[in-house]
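Read off the chains here:
2 protein chains.
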Amino acid sequence: MGWLDSIKWDRDGLVPVIAQEAGSRDVLMFAFMNRTALQETARRGEAVYWSRSRGRLWHKGEESGHVQKVHEIRLDCDNDVVLLSVTQQGHDPSIACHTGRHSCFFQRLEDGSWKTVEPVLKDPAEIYK
Amino acid sequence: MGWLDSIKWDRDGLVPVIAQEAGSRDVLMFAFMNRTALQETARRGEAVYWSRSRGRLWHKGEESGHVQKVHEIRLDCDNDVVLLSVTQQGHDPSIACHTGRHSCFFQRLEDGSWKTVEPVLKDPAEIYK
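Chains U and X supply the protein sequences, listed in that same order.
According to my numbering, the first sequence is numbered sequentially starting from -12.
According to my numbering, the second sequence is numbered sequentially starting from -12.
A portion of the hints provided could be inaccurate.
Copies of the same chain look alike in the list, so a pair counts if it works inside one copy or between any two.
What the hints assert, rightly or not - Below, in silico cross-link-like pairs of lysine-lysine (DSSO-like), each with a Cα-Cα straight-line distance of 27 Å or less:
#1 Lys102 to Lys(-5)
#2 Lys(-5) to Lys109
#3 Lys109 to Lys56
Derived from the structure by calculation, the hints contain no laboratory data.
None of the values given here were measured: they were computed from a predicted structure.
Given these sequences and hints, build the entire structure.
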């Protein structure tokens, strides 16, 4: 597992991860992985993150069904950020965000305030029931 | 500056920032901003980061000339990650990485090891002279 040793884990043993949709090339979300999460992501071919709020591994889609199939894992020049190319599964159009939106980056700065610019595609109460 | 107060700054007063190229939609780099950096980014329309290694504001391109023109600033669902849509200026094809490559994410996991899959477009010794 030498490729895992190449990574510069932060003081909490985590690495930041960007998930980008392969087809649309939209940036869907940002999360963290620890060593086990990244190893599991590579092994399964599906994104497994470290949930800092829950303090445990989080197989994305385990509750929502919105699994991320992983096509490619990239590492940056400083060996401390990971970029995933994914297919966001489980809903069409795809939903990566826990708010039921396509992408987590749905707030845009306009004239000095944050405007929500993407619709809710599915009610979170329906996603997490 | 209420929009800056909406952001959940981390324990170091920083927010992680993803820079995505507007035209190609490639993810170019990942860095951090503090409050002043984000305010300056919005004011100038050019990316200003917080350099953790140098402990100071870093107007991207100040040495290399590889300035990032900022088209859009987005914020995620948790108000703790920023996504920039940028035009990477100063070289054609564009160079965002200090190694002289297009993107910082030039290492791809292949068969259990990291392979460099993007060429150096300009010698860093020529960029930072």
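Sort out which numbered hints this structure fails and list those numbers smallest first. none
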